[in-house]
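Chains as they are written, first to last, in our numbering: chain A, 1 to 208; chain B, 1 to 807.
The hints are simulated quantities; they were obtained by calculation from the structure and are not laboratory data. Honestly, I wouldn't trust all of these hints.
[Claimed, not checked] Here are the simulated lysine-lysine pairs, DSS-like style, with alpha carbons at most 27 Å apart: (1) A:58 to B:556; (2) B:556 to B:566; (3) A:59 to B:566; (4) A:109 to B:485; (5) B:242 to B:482.
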Amino acid sequence: MLTLRIFCAKLLFLLIISSLIAPNSFAANPVPAIQNMLAKPKVLCGRFDQTKHLVGMKKPLLSNGRFCVLAGKGVLWRTLQPFPNTLRLTRDEIVHFQGERVAMRLEAKQEPVVRMINSVLFSLLSGDLSQLESLFEVEGSADATTWKVNLKAREAALAKAIGTIALDGGAYVKNIQMNEASGDRTSIVFSDIKTGDTVITAEEAALF
Amino acid sequence: MKYSVNFHKLQHWRWFLVWALVVSGLLAHNAYLWLGQRITPDTDILALLPVQERDPVLQQSFTHMVDAAQQRVMILIGAQEWEDSKKAAKAYTQVLAAHQDLFDITSLSEKTQGDWLAPFQQNRLALLTAQQREQLNTLDADAWANTALSKLYSAFSGPKLGAFQDDPFGTFDAWVQERAQETPVRPREGHLFVADATHQYILLPMTLVPPAFSLTAQEKVLPLLEQAAAAARASLGANANKIEIISTGVVLHAAAAGQQAHQEVSTIGVGSLIGIIVLMWMSFHSIKPITLILLSIGVGFLGALSVCLLLFDRIHLMTLVFGASLIGIAQDYGIYFLCHRLGASQVDSKTLLKQLVPGLLLTLACAIVGYLGLALTPFPGLRHMAVFSAVGLLFAWLTVVCWFPHLVQANTLKSGKLVARYNRLLGVFSAIKIFAQRSRSIWILAASLLVVSFYGVAQLGVNDDIRLLQTPPKHLVSDQIKFGKLLDAPTPVQYFLVRGASPEIVLQREETLKRALDPLIGQRVFSGYQAISNWVPSLKTQAENRALIERKLLDKEGPLKLIADKIEEDAEWQTKLSQHLLASNQTLTVENFFQSTASQATRHLWLGKIDNTYASIVAMKGLKYAEMQQLSKLATGMEGVQWVDKIAEISSVLGRYRHNMGWVLLGAYLLVFGLMLHRYRKDTWRTLAPAALASFFTLALLGISGQALQLFHVLALMLLLGIGVDYGIFMQEQNRHSTTKIDGGASTQSKHLAWLATGLSAASTLLSFGLLALSSTPALRAFGLTMLIGTALVWLIVPFFIHAKDN
Chain A
1 MLTLRIFCAK
11 LLFLLIISSL
21 IAPNSFAANP
31 VPAIQNMLAK
41 PKVLCGRFDQ
51 TKHLVGMKKP
61 LLSNGRFCVL
71 AGKGVLWRTL
81 QPFPNTLRLT
91 RDEIVHFQGE
101 RVAMRLEAKQ
111 EPVVRMINSV
121 LFSLLSGDLS
131 QLESLFEVEG
141 SADATTWKVN
151 LKAREAALAK
161 AIGTIALDGG
171 AYVKNIQMNE
181 ASGDRTSIVF
191 SDIKTGDTVI
201 TAEEAALF
Chain B
1 MKYSVNFHKL
11 QHWRWFLVWA
21 LVVSGLLAHN
31 AYLWLGQRIT
41 PDTDILALLP
51 VQERDPVLQQ
61 SFTHMVDAAQ
71 QRVMILIGAQ
81 EWEDSKKAAK
91 AYTQVLAAHQ
101 DLFDITSLSE
111 KTQGDWLAPF
121 QQNRLALLTA
131 QQREQLNTLD
141 ADAWANTALS
151 KLYSAFSGPK
161 LGAFQDDPFG
171 TFDAWVQERA
181 QETPVRPREG
191 HLFVADATHQ
201 YILLPMTLVP
211 PAFSLTAQEK
221 VLPLLEQAAA
231 AARASLGANA
241 NKIEIISTGV
251 VLHAAAAGQQ
261 AHQEVSTIGV
271 GSLIGIIVLM
281 WMSFHSIKPI
291 TLILLSIGVG
301 FLGALSVCLL
311 LFDRIHLMTL
321 VFGASLIGIA
331 QDYGIYFLCH
341 RLGASQVDSK
351 TLLKQLVPGL
361 LLTLACAIVG
371 YLGLALTPFP
381 GLRHMAVFSA
391 VGLLFAWLTV
401 VCWFPHLVQA
411 NTLKSGKLVA
421 RYNRLLGVFS
431 AIKIFAQRSR
441 SIWILAASLL
451 VVSFYGVAQL
461 GVNDDIRLLQ
471 TPPKHLVSDQ
481 IKFGKLLDAP
491 TPVQYFLVRG
501 ASPEIVLQRE
511 ETLKRALDPL
521 IGQRVFSGYQ
531 AISNWVPSLK
541 TQAENRALIE
551 RKLLDKEGPL
561 KLIADKIEED
571 AEWQTKLSQH
581 LLASNQTLTV
591 ENFFQSTASQ
601 ATRHLWLGKI
611 DNTYASIVAM
621 KGLKYAEMQQ
631 LSKLATGMEG
641 VQWVDKIAEI
651 SSVLGRYRHN
661 MGWVLLGAYL
671 LVFGLMLHRY
681 RKDTWRTLAP
691 AALASFFTLA
701 LLGISGQALQ
711 LFHVLALMLL
721 LGIGVDYGIF
731 MQEQNRHSTT
741 KIDGGASTQS
751 KHLAWLATGL
761 SAASTLLSFG
771 LLALSSTPAL
781 RAFGLTMLIG
791 TALVWLIVPF
801 FIHAKDN
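Taking the hints into account, I'd like the entire structure generated from these sequences.
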């Protein structure tokens with residue numbers, strides 16, 4: 001129930017402490033090449049497997065589920081194992097479902113950062129790096145079919161709080177790796193990615 | 001013999017010379033003030049309000065709230081596209097950046113630098129939202145374990161306030177989020193950002209360097225802001241009209257008020273002067289009377305300025321505006337003398353003056369009695385006006401008495417054609433009077449007039465709204481409203497004042513108050529509150545919160561054990577996590593909160609130590625004015641808590657003084673009656689009746705036209721008494737003069753002279769106060785309108801009360 005609040009608080013914090021962006025000026029910018037490689041479908045769904053290594057814990061925490069990215073609409077993030085719950089992010093709100101029940105709703109009217117959180121998340125999942133460049137320094141490489149980037153927050157306080165984010169993929173994002181300054185690490189692997197109007201289930205589509 | 005003639009001559013000129021000395025002194029003093037010291041009039045409307053002497057803490061809380069806002073200028077620049085907003089804001093700030101002597105632009109990077117969360121992180125276990133405290137008391141260990149587990153496994157718990165082990169149950173996160181919700185403003189790419197449904201705004205907070213009420217600030221700031229706005233629009237090219245710029249700040253209101261007052265000083269003052277000059281020209285066909293009257297008015301003004309500045313060290317622009325209407329009365333003395341000079345060709349000026357002095361003295365005394373009413377109010381501005389006017393009149397009067405007899409000799413004045421025509425009017429009045437005395441219909445007319453008037457007076461409502469004192473331009477008000485809505489800013493004039501013997505007691509009382517307030521948020525009485533205890537709970541609450549977390553969450557058999565079992569960790573992990581959490585056990589105090597940059601937005605709510613008590617403010621957001629009573633009720637009976645409503649307080653002062661002033665007015669009539677009884681005996685009522693009747697009819701007219709009675713109407717009636725009695729005295733004096741001469745022709749002429757003096761002075765009073773009725777300040781408008789109707793009525797009524805025996 002509090003998950004979403006916490007989640008939002010974190011992203012909120014991310015944005016609160018992010019500030020002062022210097023103009024982007026490094027030579028080998030891989031972003032245009034990556035932008036060309038990405039498929040940018042209207043609807044994209046797939047499976048995710050998440051592994052978290054937390055400070056003070058011996059074993060990693062594993063979870064998995066399904067996600068969908070709908071261009072222009074938002075993101076659906078459904079954790080299935082070990083605790084089922086669903087997160088839906090649209091332009092104007094973040095809603096957390098526990099089964100059918102709305103466990104939490106945060107509206108842009110009430111919290112203006114909602115729109116920014118959602119755009120960052122959408123950019124991360126769809127690999128839209130040009131959008132992320134305002135917040136992060138993007139460094140990386142690209143060959144014909146694959147690419148790899150490291151994101152480092154432009155602002156020192158933000159960098160200290162979130163550490164670094166690494167993304168790699170081809171036509172789609174395949175891996176996200178987050179290394180926090182606190183020592184907690186999270187990696188997400190995306191697989192079974194399908195695109196097109198039919199990949200989203202009726203049950204999922206009903207949420208939009 | 002020769003010696004005695006010279007001595008006599010010297011004595012003759014003595015008063016002239018003494019007064020010449022005084023006037024040179026005035027000139028020197030004024031030159032020193034305006035040229036040497038370069039004094040400028042006050043424009044701060046608050047300077048006109050009564051000083052709250054009874055309660056220093058209350059007074060200080062108000063100045064504190066006002067001071068916090070006074071130097072601030074806030075600009076919101078919004079467009080539909082964020083990029084456009086950024087572009088426009090950049091252009092805007094570039095213009096202002098060149099004027100660092102005027103604006104200190106608060107830079108965001110300075111604010112966000114440094115870890116603003118540090119003082120709170122040291123004390124995580126003591127900070128809980130009200131909702132969480134309730135959940136800790138109601139939810140069981142399973143529920144809390146589930147909360148922590150779902151947080152553990154949640155997607156994207158990537159960027160966060162700290163590691164999982166720092167805040168496993170998310171209590172601190174929730175508290176920080178609640179604090180962040182106190183303002184809708186968010187940093188975004190180095191800007192302060194706020195949005196509504198259509199626009200994305202950038203907030204530019206600035207601090208004004210020169211004092212907001214100084215003339216420099218007002219003259220330079222407005223054009224510069226306009227220039228910056230133009231630059232911002234220009235930066236967007238074709239989209240220039242899609243941008244929205246909202247400006248707020250005390251300086252904008254001050255500048256608008258200053259501009260308005262400046263304009264009115266020139267329209268009312270200059271208009272009044274031109275009116276008088278034209279009148280005099282038409283009556284006397286000579287420059288001399290005009291220059292003489294201007295001389296008396298000028299000396300009056302210089303004297304008023306000198307004395308006011310000596311007494312109060314400052315002068316308010318409103319005093320000058322009001323003082324501009326002084327011209328209307330200051331001329332009476334000169335006119336009265338000159339009109340009589342016009343008639344009494346065979347008498348020398350000195351003898352003439354001797355004849356006129358008793359009447360002149362009475363008119364002065366009565367006018368000053370009228371102004372005394374103003375001095376009885378607790379408003380510093382009104383007191384200044386009273387002193388300014390009374391002194392001005394005295395100086396004008398003395399100029400007439402000391403100088404005029406020497407400057408105007410017999411036969412220097414001739415009357416114009418207008419005078420003859422005007423004097424014929426008096427015959428019309430007499431005819432009406434004679435007709436009326438013979439006819440019974442007059443009684444029917446009088447009776448119906450009385451009935452209508454009583455009806456009108458009964459229609460009078462009352463209005464004591466503070467907005468009477470000043471009306472800001474509409475665009476400033478709408479900007480202010482929009483700004484308040486977007487930023488969800490608290491109102492600076494209505495708040496709770498909390499006091500206690502120590503900071504701890506103040507914080508505890510704030511918490512008691514907040515517990516009582518919380519249910520009212522649900523009832524939509526207001527939308528939220530800002531308080532220091534939101535950030536720094538009392539030590540008592542901090543200890544309670546910590547104990548609650550220890551008992552409910554960190555217990556050996558509690559949620560932590562359930563989590564450990566689920567994720568297959570051992571007892572050692574559990575103990576370690578517990579110890580790690582308990583290690584952040586520093587106490588949060590108001591002092592170390594103030595060291596954090598997070599305190600910048602709320603610091604002004606803490607008043608600190610005032611006379612052995614500590615005090616703070618709980619500020620209200622989104623207050624519904626209709627529901628305000630509930631809040632004042634809430635504070636009664638709550639120890640150390642007081643509801644402060646400055647607007648209601650000022651309105652109640654205005655109301656109280658409107659009421660008291662009514663009695664003062666009646667008292668003044670009695671006083672004036674007493675003053676005149678000695679001279680006029682059984683005819684005394686004739687001098688007062690015109691003013692009294694005119695006042696009554698004026699009230700009736702105001703009532704019929706749907707105006708609400710306010711303090712400024714009553715104050716005008718006070719002045720009307722002064723002016724009305726002048727005319728009454730003029731007309732009665734001619735009666736006395738004519739009784740000393742048996743000559744019937746002289747009697748008619750004397751009556752004509754008095755009637756001329758009344759007419760000239762009434763016409764110019766109408767001109768000056770008529771223009772005051774054009775003022776855009778409601779208070780001055782009410783004052784002017786009352787004088788306009790009242791003076792006209794006195795003028796019309798006065799001829800009916802001339803003693804009848806010469807008919």
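Against the structure, the hints come out as follows:
1. A C-alpha spacing of about 20 Å is found between residue 58 of chain A and residue 556 of chain B, which places the hinted pair at or below 27 Å, so the restraint holds.
2. Proposed proximity of residue 556 of chain B and residue 566 of chain B is supported: the alpha carbons are some 15 Å apart, at most 27 Å.
3. Proximity of residue 59 of chain A to residue 566 of chain B is assessed by CA-CA distance (about 12 Å); at most 27 Å being required, the pair is judged to hold.
4. About 12 Å separates the Cα atoms of residue 109 of chain A and residue 485 of chain B, which keeps this hinted pair within 27 Å; it holds.
5. With a CA separation close to 17 Å, the supplied pair residue 242 of chain B and residue 482 of chain B stays within the 27 Å bound.
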